[in-house]
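Asker: Each protein sequence line maps, in turn, to chains A and B.
Using the working numbering, the first residue of the first sequence is number 1, and each one after it goes up by one.
Using the working numbering, the first residue of the second sequence is number 1, and each one after it goes up by one.
Since the hints were derived computationally from the structure, they do not count as laboratory data.
Idealized CB from N, CA, C, for every residue including glycine.
Just so you know, not all the hints are guaranteed correct.
[To be verified] Label-pair distances were calculated between CB atoms; the ranges are:
#1 B:G117 x A:P82: 14 to 20 Å
#2 A:P164 x B:F40: 28 to 34 Å
#3 A:T111 x B:D121: 55 to 61 Å
#4 A:S159 x B:S192: 46 to 52 Å
#5 B:L37 x A:I63: 31 to 37 Å
#6 A:T153 x B:S192: 51 to 57 Å
#7 A:A37 x B:P93: 27 to 33 Å
#8 B:G132 x A:G31: 37 to 43 Å
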Amino acid sequence: MPTEKEDEMKKNKHGWRGDAGSIDFVQIIVGLIVVGAACIGTFQALEFGNNQLNSQMRYRKAISIARSHVEYWQGRIHTDTPNINEMQGNLGQNVGQARNAYMLDERDPLTETDDIWCDVRYGTITPVPNVELGVDKRGNPLTSHFVIRVYVTWMEPNSSEYQPNKSEVVFQGSMVPASF
Amino acid sequence: MKVHAGRCGRDEGWTLIEATISVVIMAIMVLGLTIVLLAFREQLDRSWAIRVMDQYGNDVMEDLTHDLRNATEVTVRPSTGKTSRVDIKYLDPIRHELLLTSRYRADLRNVRIEKDGRALDPLFPPRNLGQGESYEIVQFTLTPYGEDTPNNQERVDSFRRNAKFMSASWDIRFKLRYNRKATINDGDRDWSVTKEYFNRVYVRNMNLIVQKGITD
Chain A
1 MPTEKEDEMK KNKHGWRGDA GSIDFVQIIV GLIVVGAACI GTFQALEFGN NQLNSQMRYR
61 KAISIARSHV EYWQGRIHTD TPNINEMQGN LGQNVGQARN AYMLDERDPL TETDDIWCDV
121 RYGTITPVPN VELGVDKRGN PLTSHFVIRV YVTWMEPNSS EYQPNKSEVV FQGSMVPASF
Chain B
1 MKVHAGRCGR DEGWTLIEAT ISVVIMAIMV LGLTIVLLAF REQLDRSWAI RVMDQYGNDV
61 MEDLTHDLRN ATEVTVRPST GKTSRVDIKY LDPIRHELLL TSRYRADLRN VRIEKDGRAL
121 DPLFPPRNLG QGESYEIVQF TLTPYGEDTP NNQERVDSFR RNAKFMSASW DIRFKLRYNR
181 KATINDGDRD WSVTKEYFNR VYVRNMNLIV QKGITD
């Protein structure tokens, strides 16, 4: 036979919980809201991770494009010397005059509106003198090698006119002419 | 003993309306979650496949570029489809008087690039491809600078370059395509993505007199 004290404890327990031990409507709704919020957070994290991977992919391709351009100028210096205008580079030129844009990331293959293009330019091809090699007829130290710098720039997908998100890769190489 | 009548003076338990609304809300949430999960799963599968393809493409390019940089002679012959057979001769790094040859070719049937008769990467294409998934090699070519380029400026520029430069400047183009047939329902379209991997290499040793002892 339960004592009066045990009855009192049960009443307090039921009074605090307000039910016979089962879940009620409000608790279900609150639980669903919590689960929904957790799912939204998880999907956002997955999307962020995916975007970061895509960004790294673009970065890798930009390096490849930059290296290809450095190879071109290394070849030119080696066997087909650039003229004075070409040695100045094209950093300051307008987009239309500079070397063409290159496709960096096609993204959705079904449309062209979201394609990301990069702009490739190169800086002044700089001769690096070395006094140990001697001097020329005018007394200037001879050149030991030439330094080439290529710049690849592009706008990330989340860029806007007011919040541009520009990325850049700079690739540097050097070369000596074959005649050296 | 007093019997506690339940909160707010009502009987304990669920009303019909509460139960119905709960079930409806849960059904809508589960349905939404399922749709989102399926779409996300599809997106993740595509993303994974593209990254596998990307890794392979970059590996092939790095390997071929490395060999070309040390080459003394390059021979290119046309092969099946839009592919080339590339033979690269280079000095043995240990015995400088010995010339070694690396041979690259594209195996279109097995979708892989072979170097000296062996797959460059035995793990590509992946063996656990799903139903309707496939890879294919669209292009694997080695062409002189400016010959096969979508860039008109480069094509025009190539006519101005001298023979020494043109004989040593090569463009490597490797195109891979990933195909995915619609499997969710008939309304979905087949999906495919083609990625091009490109490198330009200047073969320095072709314009140098490489003799025994020059690297000693």
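Asker: Now tell me if each hint is right for this structure.
Answerer: Evaluated hints:
The hint said 14 to 20 Å for the Cβ distance between G117 of chain B and P82 of chain A, and at roughly 41 Å that hint is violated. Our hint of 28 to 34 Å for P164 of chain A and F40 of chain B holds, since their Cβ atoms are close to 29 Å apart. Checked against the hint of 55 to 61 Å, the C-beta distance between T111 of chain A and D121 of chain B comes to roughly 32 Å, which is inconsistent with it. S159 of chain A and S192 of chain B have their C-beta atoms about 28 Å apart, which leaves the hinted 46 to 52 Å range violated.
Range check, L37 of chain B to I63 of chain A: about 36 Å between beta-carbon atoms, so the 31 to 37 Å window is met. Between T153 of chain A and S192 of chain B the C-beta distance comes to about 30 Å, which lies outside the given range of 51 to 57 Å. The supplied range of 27 to 33 Å is broken by A37 of chain A and P93 of chain B, whose beta-carbon atoms lie about 60 Å from each other. Hint check: G132 of chain B to G31 of chain A, Cβ distance near 38 Å, so the stated range 37 to 43 Å holds.
The structure fails to meet hints 1, 3, 4, 6, 7 from the earlier list, while all remaining hints are met.
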